[in-house]
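Generate the whole structure from the sequences, applying the supplied hints.
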Amino acid sequence: MDFAKSMVSSPGPSSSSNLSLVAPSSDEDNNGLRALNVIASNEALMNELGCEAKGLVESHIPRSNTITPSSLCVIFASYASLSFVYATPNQKYSNRNGVFHHNDFIGKEFGVKVPSRCSDGFVYIMRPTVELWAHSLNHRTQICHPLDQSVVTLNLHLKPGSIVLESGTGSGAMSHALSRAVAPNGKVWSYEFNKVRAETANEEFKKNGVDNICTCEHRDVCGEGFGESCGDGGADGIFLDLPEPWTATEHALRKLRPDGRLCSYSPCIEQTQRFVKTLSDSCHSVMTIEVRLKEFCVDTLPALPMEISMPFYYGTEKVDKARKDKVKAEEERKKKEAEEGEQPKRKKIRTRPAAEMRGHTAFLTFATKSVPLK
Amino acid sequence: MSNSSSSLSPSSPPSRDHHVSEGDVCIVNFGEGRQYFLTACRSGKDNQVKLGQKGKVYTTGLIGLPYGAVIEVKNSRMVRTEDDLITPPLNLEDADADGDTPSVKLDNRNLVDDNKSQITTQDDIMKLREEGKTGQDIVTELVNNSKSFKGKTEFAKAKYIKRKLKKYLPRARIVRCTSSTVCDVYFKKDAMRYMSLRPDSLAQIISYANVYAGAQVLTFDTISVVTASLVERMGGYGRILSVHSSQDPPHKEVLSKFNFDYKTLDVLKFVSAFEIFDPKSKEDKDKDACDDEKQKLKAQGWPVPLMEHTIDHLEKDFESDQAKHDFLFKRASRFIRKLCRPSRDETLEYLNKKSDSLIISTKFDPLPILLALLPFLAPSCPFVVFSEHIEPLAECFEKLKSDRLAIQLQLTETWNREIKVMQNITHPQMTMSATGGYILTGCKVSDQCVEVEKKGKLVGKGFGAMRARGRGNKRKLEDVAARGDADREDDDAGGSS
Chain F
1 MDFAKSMVSS PGPSSSSNLS LVAPSSDEDN NGLRALNVIA SNEALMNELG
51 CEAKGLVESH IPRSNTITPS SLCVIFASYA SLSFVYATPN QKYSNRNGVF
101 HHNDFIGKEF GVKVPSRCSD GFVYIMRPTV ELWAHSLNHR TQICHPLDQS
151 VVTLNLHLKP GSIVLESGTG SGAMSHALSR AVAPNGKVWS YEFNKVRAET
201 ANEEFKKNGV DNICTCEHRD VCGEGFGESC GDGGADGIFL DLPEPWTATE
251 HALRKLRPDG RLCSYSPCIE QTQRFVKTLS DSCHSVMTIE VRLKEFCVDT
301 LPALPMEISM PFYYGTEKVD KARKDKVKAE EERKKKEAEE GEQPKRKKIR
351 TRPAAEMRGH TAFLTFATKS VPLK
Chain P
1 MSNSSSSLSP SSPPSRDHHV SEGDVCIVNF GEGRQYFLTA CRSGKDNQVK
51 LGQKGKVYTT GLIGLPYGAV IEVKNSRMVR TEDDLITPPL NLEDADADGD
101 TPSVKLDNRN LVDDNKSQIT TQDDIMKLRE EGKTGQDIVT ELVNNSKSFK
151 GKTEFAKAKY IKRKLKKYLP RARIVRCTSS TVCDVYFKKD AMRYMSLRPD
201 SLAQIISYAN VYAGAQVLTF DTISVVTASL VERMGGYGRI LSVHSSQDPP
251 HKEVLSKFNF DYKTLDVLKF VSAFEIFDPK SKEDKDKDAC DDEKQKLKAQ
301 GWPVPLMEHT IDHLEKDFES DQAKHDFLFK RASRFIRKLC RPSRDETLEY
351 LNKKSDSLII STKFDPLPIL LALLPFLAPS CPFVVFSEHI EPLAECFEKL
401 KSDRLAIQLQ LTETWNREIK VMQNITHPQM TMSATGGYIL TGCKVSDQCV
451 EVEKKGKLVG KGFGAMRARG RGNKRKLEDV AARGDADRED DDAGGSS
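Residue numbers (UniProt numbering), protein chains in the order written: chain F, 1 to 374; chain P, 1 to 497.
Some hints could be false.
Per the computed footprint, the stretches of chain F lying under chain P, defined by three or more beta-carbons under 8 Å from a beta-carbon of chain P, are [claimed, not checked]: (1) 110-117; (2) 325-336.
No more than 27 Å apart at the CA atoms, straight line, and that leaves these computed lysine-lysine pairs for DSS-like [to be verified]: (3) Lys420(P) / Lys277(F); (4) Lys399(P) / Lys294(F); (5) Lys348(F) / Lys399(P).
Derived from the structure by calculation, the hints contain no laboratory data. Beta carbons: idealized from backbone N, C-alpha and C, even for Gly.
Here you go:
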């Protein structure tokens, strides 16, 4: 995935300026104001740019534009139908729309539409993002949906450089989301108590190129704790997606730094209640929320096949006159339109809520570890 | 702010641990939506603040306190207290794992609400205050003198005490300023001004737009909270091209709340909307004003020498050397920022490189803005449009779909409910937000076509296949259907990897 690729550095716009630390000169000038200016300027330079007084360096990740062999491609067949392949020469991919040859799209840019060679179907080949991956991956366990992923990432206060602990890994969807938030110099330590799932997850991380940020360890954190590899009390955030999170609280709090954030993803309210009970001594700002996504569909209303003339009604003379004026103006407008040519009818675009929505995924409980009193 | 030894971070902030440093902006949270931004400083105009009805308070006491600490306001000063934000709830008989509710012996069947339960009068309370009694003492007095207190249920007693403490002993918690906490303050304080941007909507915007450190994000944002959160999420890597239609670069007020250092803030580059939407209208001299200034400054050398008027100002208006030094420090900082700003050509170069994501969250009509900015988004990259009204997003949706500009289009709203979790009395909160705005997401598609050899001739020129189907060429479709199955059998060996 793009976010895990290595950065490219280039000199920033400031490098063209001649900013550098200046040695203060010895001659007193203007009541020492010049000397004061030099000192103040040096300090400002250190404060603003840090040690690199020569000029800021910009870093960015160059985007992968073309589909290369063995790159991950997300295949979009229709809105509800997404899957993925690793592009391989001479391989074929088939789905309901038809059969698609990898050779047709290797070398093209991401986002192209590929028709099938033997049917009228087509698919789009897309660059993988965390959200597209979550929609297309193989579900080995119930995954954390993009909405919950985004809310958890924001409420754990994650940013580049943060260290996050996650348990359990499951299908790895949440691990990708956390990795994206903490890349490039952060770390996601993920734990899974099922050996096969842990191994599959590690393989996937490697194939998707995120293994420099995220690793999955086969371990039962409820019974054994988080282990030594994730450091000692320096984690910025911990995400628990466990059937019995209250058994992991103590282990989690030991690994969490003071003022760090803890989150538990629990489908049942009883799990949430038991978990919150274990937080009372050492955490504050405990908040439990649930978020639901409501989707809308967009339709265009069809027009009636006839003109509706204004209803005739009896009213006062004033009203009648106003109505007659209105009808007259309408006729004049129609005449003008007929002269100028037919104007395209403005489509009436309307939204309606989708018929079904997901009623519940889980309760998200957030807490902050208290800073100990001195 | 991890404690790991990753010193590769370009944005290693100065002394960023979990204590409030001098000059930091933090949130002081009194609970129930009353939150204030306070700057922890020793002097200056931010030092004295008026907090609601509590009068003037000095913010000096905040410096050095750990985030999460609870403070009380005593004599206009902030003092840390060891207690919790509210008194701990009274010990209730906990249920065992099966969930039996404990027997609540008291209820309000005998309560007569005639406003005569409290014996203590206003004058008595004034006297107590004058005697210098603490808030805790006043509340104890009120509790003891309340006739109906003993007859209350345990929950009602706790509620009563909490209400009284809130009035006579206001306590607040110090909260660190991050995207979610700052967005929460603005949302609760003045949702209309910030287009009902609720924290979970903000979370979705950042995630669905695939924002990551090192990306180039193109944004048209009038909410400012979105841009500030993007700056936080980029961590000093990559670029944010913020298109703005105002004269001066916007977002200053909200950005100042985040305590960013210069390296983190440097990812934000500003592009004037005129450059993109209406390049002919802006006159040449306006366009290059910033660049001219930059050239002039560069020519003067570094450190920027003192001009006549500066020397006069320094000598007349400043007494101490320290004050002069502070003025010169600020002046130098200003010049550094001007010199480090990218020139107009450099910004246009960034624009033309095409961005990795597009975010539009503006009070203006998003459709023309979206159509104008979409060419600057690379193919197969996501975009997000946020609006507090659904109609403009519906128009965008329809246009994108009919012109086949994007796929995976989704128009959504989020429903967010907070749940009060307590043992045996868990329930969703009584108040709830009814709207967090609407979000339209999608992925831009490429305008290139892949040509594929099909039945001896090349097809795939855009919508050729679809047009064939649309024409209702039934025989062709039947043949294809018949052959399609046969083909699938042949291609059994291949298939999805």
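Which of the listed hints are broken here? Of the numbered hints, just 2 does not hold.
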